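Model the full assembly from the supplied sequences, consistent with the hints where possible.
Here are the chains, one letter per residue:
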Amino acid sequence: MSANIKEVLQTKVLLYIMGKGLEEISMTNSEFQEEFEDIDATIQWIIGDCKMYLKVEGGKFTAFLDEQAENPTVTLTIEDYAKGKEILTGATDGTSAYMSGDLKLTGEMQVAMKMGQVTEFLKEALGELMAP
Amino acid sequence: MPEKKEFAVKILLGAIQYASTQLAELDEEFKQKIAGINAIIQWKIENGPMAYTIVENGKIDYKMDAEHDSPTYTIQVSDLDVAMDMLQGKLSATDGIEQGKIQITGDIDAATQQTFILEDLAKYLVDLRG
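Top to bottom, those sequences are chains A and B. All the letters of the first sequence, read from the start, carry residue numbers 1 to 132 under our numbering. All the letters of the second sequence, read from the start, carry residue numbers 1 to 130 under our numbering.
No wet-lab data here; the hints were simulated from the structure. As the structure is a prediction and not an experimental result, all values here were calculated from the model. Errors might be hidden in some of the hints.
[Claimed, not checked] Partial selection, computed: residues in chain B whose CB lies under 7 Å from chain A:
| hint | residue |
| --- | --- |
| 1 | F7 |
| 2 | A8 |
| 3 | G14 |
| 4 | A15 |
| 5 | Y18 |
| 6 | A19 |
| 7 | Q22 |
| 8 | L26 |
| 9 | D27 |
| 10 | I40 |
| 11 | Y124 |
| 12 | L128 |
| 13 | R129 |
[To be verified] Result set (SDA-like, lysine to any residue): computed pairs, CA atoms no more than 20 Å apart in a straight line:
| hint | chain 1 | residue 1 | chain 2 | residue 2 |
| --- | --- | --- | --- | --- |
| 14 | A | K6 | A | T62 |
| 15 | A | K55 | A | M27 |
| 16 | B | K4 | A | E120 |
| 17 | B | K63 | A | T62 |
| 18 | B | K4 | A | Q33 |
[Stated by the list, open to error] Stretches of chain A that chain B covers, calculated by requiring three or more beta carbons in the stretch to come under 8 Å of a beta carbon on chain B:
| hint | segment |
| --- | --- |
| 19 | 13-21 |
| 20 | 94-101 |
| 21 | 119-127 |
Backbone N, C-alpha and C define an ideal beta-carbon position, used for all residues, glycine too.
Structure follows, in structure tokens:
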């Protein structure tokens, strides 16, 4: 079993859980829809070689797995798989990761800040699946 | 809260399906193991989601919220708690069957030969949450 395959596979699965989790929440949770209804954005995640982007429109999220958006509003890049895993499981919050330089942001900072709020909704919806 | 658990199981079921498609692309050894397999694996979780996995020509694909007309075999899971344990690798398919929590219908031999798919995935995903 290759260590790199493990890191890549786990990162892909965590991106799936976040992306599809948000997609499902945005279809069913009215509080979530209201919170994000004014956001019109494309949020690109890049962790190591893994990619996923979220299209946010009118409170609805759509996840595009293993894809690069053409003109993302904001791009969140984490080079290190272990750090990516910490951030995606909530062991490290996005703000601290940004401050330490592990998480790099390009594009509209305000949208990125707003995205920090999705973590709480994900934790609420997925419970033990998200907790490290 | 049942809705919350149903939600988590649905996401996890999808994540496992997706993970198997990716493992078939990333891991040469796993790719060789599935090379001769042609199977449709139907997943049914009592009071929960449904999905099926397609194993064909060394590749894996899946369809969520769908029922196949003629699956090779069906994995029927008795409830959401069992599904949660199984999908998180806390309960092996073999133990689940022995304890009557998981039922297999259809081609049992194929199902027995293919338990490695879930076992190999579990090896990679065991410490997913840190």
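Okay, the hints, checked on the actual structure:
1. Interface hint at F7 of chain B: satisfied, since its Cβ lies 6 Å from the closest Cβ of chain A, which is below the 7 Å cut-off.
2. Residue-level restraint check for A8 of chain B holds (minimum Cβ-Cβ distance to chain A is 5 Å; threshold 7 Å).
3. Checking G14 of chain B against chain A: minimum C-beta separation of about 6 Å stays under 7 Å; hint holds.
4. Nearest Cβ of chain A to the Cβ of A15 of chain B: about 5 Å, under the 7 Å cut. The hint holds.
5. The restraint placing Y18 of chain B at the interface with chain A holds, with a minimum CB-CB distance near 5 Å, inside the 7 Å limit.
6. Checking A19 of chain B against chain A: minimum C-beta separation of about 5 Å stays under 7 Å; hint holds.
7. A hinted interface residue such as Q22 of chain B counts as satisfied when its beta carbon comes closer than 7 Å to some beta carbon of chain A; here the least separation is about 5 Å, so the hint holds.
8. Proximity of L26 of chain B to chain A holds as hinted, the smallest CB-CB distance being about 5 Å (cut-off 7 Å).
9. Against a cut-off of 7 Å between C-beta atoms, the interface hint on D27 of chain B holds, since the closest Cβ of chain A lies about 5 Å away.
10. Given hint, I40 of chain B at the interface with chain A, is violated; its Cβ is 22 Å from that chain's nearest Cβ, farther than 7 Å.
11. Satisfaction of the interface hint for Y124 of chain B is found here, the shortest Cβ-Cβ separation to chain A being roughly 5 Å, below the 7 Å cut-off.
12. At a threshold of 7 Å, the smallest CB-CB gap from L128 of chain B to chain A is about 5 Å, leaving the interface hint in force.
13. Satisfaction of the interface hint for R129 of chain B is found here, the shortest Cβ-Cβ separation to chain A being roughly 5 Å, below the 7 Å cut-off.
14. For the given pair, K6 of chain A sits about 26 Å from T62 of chain A by alpha-carbon distance, which is inconsistent with the 20 Å threshold.
15. The hinted pair formed by K55 of chain A and M27 of chain A meets the criterion: a straight-line CA distance of about 13 Å does not exceed 20 Å.
16. Distance restraint check for K4 of chain B and E120 of chain A: the Cα-Cα separation of roughly 14 Å lies within the 20 Å cut-off, and the hinted pair is therefore satisfied.
17. A C-alpha spacing of about 17 Å is found between K63 of chain B and T62 of chain A, which places the hinted pair at or below 20 Å, so the restraint holds.
18. Restraint check: the Cα-Cα separation between K4 of chain B and Q33 of chain A comes to about 17 Å, which is no more than 20 Å; the hinted pair holds.
19. Coverage of the segment 13-21 of chain A by chain B holds. Counting CB-CB distances below 8 Å, 6 residues qualify, and the rule asks for three or more.
20. A count of 0 residues in the segment 94-101 of chain A with a Cβ less than 8 Å from any Cβ of chain B is obtained; the coverage claim is therefore unmet, three being the minimum.
21. Residues of the segment 119-127 of chain A with a Cβ under 8 Å from some Cβ of chain B number 3, which satisfies the need for three, so the listed coverage holds.
The structure is inconsistent with the numbered hints 10, 14 and 20, although it conforms to all the rest.
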